[in-house]
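Participant: With the sequences and hints as input, model every part of the structure.
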Amino acid sequence: MMDLKGVSVGFGAAYALRDVSVSIARGERLGIVGESGSGKSMLGLTMMGMVPDAARVEGAIALDGAQLARASERVWRRHRARKVAMIFQEPMAALNPLQRLGETVMEPLQVHLGLSRAAARDRTLELFAEVGIPDPEARLRQYPHEISGGQRQRVLIALALTCDPSLLIADEPTTALDAHVALRIIDLLVNLAASRQMALVFISHDLAAVARATERIAVMYGGEVIETGPTPQVLQDPQHPYTKGLLGARPGIGGETPGRGPDGRRKRLPTIPGTVPPLSALPAGCRFSGRCPVELPHCARVRPEPHRVSGNRIATCHLLGGRA
Amino acid sequence: MTRLLTPNLVLGAALVVLVVGMAALSLVWTPHEYAQMNMRDRFAPPSDIHLLGTDQLGRDIASQLMVAARNSMTVALIAVLMGGSIGVALGLLASAIGGWVEDLIMRIADIGFAFPALLFAIMLSAVFGPSLWVAVLAIAFINIPVFARVTRGAANVIWTRDYVAAARAAGRGKFAISRDHILPNVAAPVIVQATIEFAIAILAEAALSYLGLGAQPPSPSWGRMLSEAQTLMFMAPQLAIYPGLCIMAAVLGFSLLGDALRDLTDPRLTRSRQA
Amino acid sequence: MNALLQVRAVTRRYRMPRSSILRRGPVLTAIENVSFTLERGRTLGIVGESGSGKSTLARLIMAFEAPDEGEVLFDGKNLHALSSAELRLLRRRFQMVFQDPWGSLDPRHTVSWSIAEPLRATGAGEIGRRVDEALSQVGLRPQDGSKYPHEFSGGQRQRIAIARAIVTRPALLVADEAVSALDVSVQAQILNLLMDLQEDLGLAMVFISHDLPVVACLADDVLVMRAGQAIEAGPTAALISAPRAQYTRALLAAGGLMP
Ligand SMILES: Nc1ncnc2c1ncn2[C@@H]1O[C@H](COP(=O)(O)OP(=O)(O)OP(=O)(O)O)[C@@H](O)[C@H]1O
Ligand SMILES: Nc1ncnc2c1ncn2[C@@H]1O[C@H](COP(=O)(O)OP(=O)(O)O)[C@@H](O)[C@H]1O
Ligand code: SF4
Ligand SMILES: [Mg+2]
Ligand SMILES: [Mg+2]
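Keeping their order, the protein sequence lines are chains A, B and C.
Residue numbers for the first sequence follow this note's numbering, beginning at 1 and rising by one.
Residue numbers for the second sequence follow this note's numbering, beginning at 1 and rising by one.
Residue numbers for the third sequence follow this note's numbering, beginning at 1 and rising by one.
Do not rely on the hints blindly, as some may be mistaken.
Here are the simulated EDC-like pairs of lysine to aspartate or glutamate, each with C-alpha atoms no more than 20 Å apart in a straight line [stated by the list, open to error]:
#1 A:K83 with A:E107
#2 B:K174 with B:E102
#3 A:K267 with C:D221
#4 A:K5 with A:E58
#5 C:K147 with B:D180
#6 C:K77 with C:E65
#7 A:K83 with A:D64
#8 A:K83 with A:D164
#9 A:K83 with A:D3
#10 A:K244 with A:E215
#11 A:K83 with A:E73
#12 A:K5 with A:D64
#13 C:K77 with C:E39
#14 B:K174 with C:E86
#15 A:K267 with C:D220
#16 C:K147 with C:D132
#17 A:K267 with C:D196
#18 A:K5 with A:E305
#19 A:K5 with A:D19
#20 A:K244 with A:D206
#21 A:K267 with C:D200
#22 A:K267 with C:E199
#23 A:K244 with A:E305
#24 B:K174 with C:E65
Take a look, some chain B residues computed to stay more than 10 Å from chain C by CB distance [claimed, not checked]:
#25 V10
#26 L25
#27 H32
#28 E33
#29 Q36
#30 F43
#31 D48
#32 A62
#33 L81
#34 F115
#35 I122
#36 A236
#37 A249
#38 L252
#39 D263
#40 L264
Calculated directly from the structure, the hints in this document are not laboratory data.
If you're wondering where the values come from, they're calculated on a predicted model, not measured in any experiment.
For every residue, glycine included, the Cβ atom is placed at its ideal position computed from N, Cα and C.
Facilitator: Right, here's the structure in full:
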């Protein structure tokens, strides 16, 4: 239903996104992972038509067949909320602290859908129940600071659902929450996607969260999607050197047993050397060159082509070969 | 970049440059000797010789306004510096010690806050006789609680920062932490407050001089020029209008500048104002 | 010789702000009756979700605040019974690394100044040389010392914070969520650095995190906290392979990559 082809978002000479192609089918759950600054949020904003004014957008963005890459703000606004909706990382910042939760959710119902006050209220109660907010009646009259972080995130999800979007973009929805609450929010999003036949884009730097929330995954580095495929396959058998590095660096309880080696010293974690360079200093060829442990001589100059590893798995690295 | 140059900032800075420029220039040059009387040339209209004309004693108005700007600003500066230093010190102390000491200092500040400068100035001049110093002390006095409050509020936030916890873990004492960590990090809001207080001090000085509790003749002051002009209101309204405009320019300039600086240093505030 | 750190049945309560002037605020028990012992050179991991009392425990160990009941013994001395002068002198032997690499360094001072702070407080000599040594121990260059915190990335700032914590050559390091704000690849670098320092300097460490896999990769023993209480404790390998508490099993599930 949403299809991005060769999308780039540039600021001056630097690219925050370069040549990104992703598509999401109806009801599909897609995860976007990558470290900070890899372009995850920018990709989410691009799908909402909300890139900063200073940005240059190239490529093709199709939503249910409509071409939106060069669409005006007015056209985008027609699609937002109704077709695509978004929730953000910091649930407190996204809610008006002076507005009761009920008013917050009823407002778009009355404005966008033209419901009467009573109908909007009933619909809000239904939405609160659907996202698992206990005692919805009482919540209507409460203010954001009176409920917990997890409850706030649920209110934001209810708000995003007001106009029955067919795609929900969640940018780091669990990062500000603790592990337990995060799990429950993830399960809620998965259930909503299934029950409403709604597509979900789940953006996170947390591999464990993405593993639980999604069926397909896109790994980002330096503004590019460098590997995509079914989530379990990519996590179990990563193909791109960066994905391998990322998974190796995460302390896991499963494979590598923690503890001490034969010399009595603790086992070190495998690391990716160096740090993510700033946008303006990214290499022209493969974005990962310079940090890649298996780099080839021409990697820094020549851009690798996407390569179809198998069925629906694609990775972009010279080691794997050319065209998908 | 365009975000920085708000109308408040531009207008505020322009007015401040104007009045400060006037005061600074008066140190080295005025069109005429400001106290020079000329009984044949009273109430002269603006001309090449007297830019803004002369007053009821034939003194050059432009020269008087310039020297008065200097006097007002000197009073305001000394008063704000005095009151500000004491207030900042009290605020830091309250915040560092906490507990009942903090409560006590802040309650006393509250009382000082409710105490009008005018009353204090009248008391002082009853004891020492009216003078410029009475105005300075009275204005300094009302500034103490203002700065104590602002400093203590900002300092309490800094005390919760991890780098302060790290300094405590390092074994540093409250005094050293206040000096090395708290003071540098509350400087921004304190400077903003000082700009706003400066405007209020100019107004207060004008009010006190108007009542004869500030600058004494022949030393000119906007407030006194205003009060002298009052009796001549129908004969020569310009005598009241000029100092009035100067007071307005100075007060408006410093308040706008202070507001703009506050918005610049607090992006949160800017956003909530737009909302 | 006595254990380096003994936490004996500590309880800490906070009075919440009153909601009406007629009633006193309710009392919240942040930690209740928690005990453990840490030997020299060993690492204790503390896991638990947000609000479970981990940071409160860290603040008690660091003697930023005192327990309502129980005591904290460092090298046999009751920290909360020392005079403030004695405590300040003893502080060089136990240091802390904080969660937020952006908030734990004063933006108005150079990196060297911040790292030297614990030395300055206790009047040690050779400050310049020891700061350079600490910088190189955490993988930074001596010339980085003259820069300001904003010129560094989150991972580098955490290295600076670690340099500040080891510059006095302490016997104990308390790390409260020290890698939680970092990206995976940077997190691995910092965890490895902590392991290096621990082994090379013989540091004992209290390592606090909500992330059990992270704790497991460097702790000898693990203490699981929930709602202010220690609900399970034991050697890392045993705790992971045979968790007793339901809650510990949930923490294990949350950290796993496979659904
Ligand atoms: N100064 C305080 N005043 C009142 N309550 C407090 C204070 N400090 C902590 N608490 C409360 O004590 C409990 C434990 O807090 P603590 O900060 O130790 O949790 P934590 O496990 O470190 O959580 P997090 O991961 O969010 O930092 C919480 O319910 C908290 O709200
Ligand atoms: N308005 C902007 N101007 C210039 N660069 C930007 C702007 N917004 C984001 N960027 C850059 O784009 C890159 C990707 O940002 P973002 O999508 O926020 O990353 P993530 O969400 O993965 O942390 C970053 O390097 C960021 O600095
Ligand atoms: S293209 Fe080259 S540098 Fe890039 S990931 Fe593959 S091997 Fe490494
Ligand atoms: Mg982001
Ligand atoms: Mg904590």
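Participant: Does each hint fit the structure? Answer for all of them.
Facilitator: Verification of the hints:
no., hint, verdict
1, A:K83 with A:E107, "18 Å, holds"
2, B:K174 with B:E102, "14 Å, holds"
3, A:K267 with C:D221, "16 Å, holds"
4, A:K5 with A:E58, "9 Å, holds"
5, C:K147 with B:D180, "17 Å, holds"
6, C:K77 with C:E65, "16 Å, holds"
7, A:K83 with A:D64, "9 Å, holds"
8, A:K83 with A:D164, "7 Å, holds"
9, A:K83 with A:D3, "14 Å, holds"
10, A:K244 with A:E215, "19 Å, holds"
11, A:K83 with A:E73, "15 Å, holds"
12, A:K5 with A:D64, "14 Å, holds"
13, C:K77 with C:E39, "15 Å, holds"
14, B:K174 with C:E86, "15 Å, holds"
15, A:K267 with C:D220, "12 Å, holds"
16, C:K147 with C:D132, "13 Å, holds"
17, A:K267 with C:D196, "10 Å, holds"
18, A:K5 with A:E305, "14 Å, holds"
19, A:K5 with A:D19, "8 Å, holds"
20, A:K244 with A:D206, "15 Å, holds"
21, A:K267 with C:D200, "14 Å, holds"
22, A:K267 with C:E199, "12 Å, holds"
23, A:K244 with A:E305, "19 Å, holds"
24, B:K174 with C:E65, "15 Å, holds"
25, V10, "28 Å, holds"
26, L25, "36 Å, holds"
27, H32, "49 Å, holds"
28, E33, "48 Å, holds"
29, Q36, "51 Å, holds"
30, F43, "57 Å, holds"
31, D48, "54 Å, holds"
32, A62, "45 Å, holds"
33, L81, "22 Å, holds"
34, F115, "26 Å, holds"
35, I122, "37 Å, holds"
36, A236, "54 Å, holds"
37, A249, "35 Å, holds"
38, L252, "32 Å, holds"
39, D263, "20 Å, holds"
40, L264, "17 Å, holds"
Every hint from the earlier list agrees with this structure, and none is contradicted.
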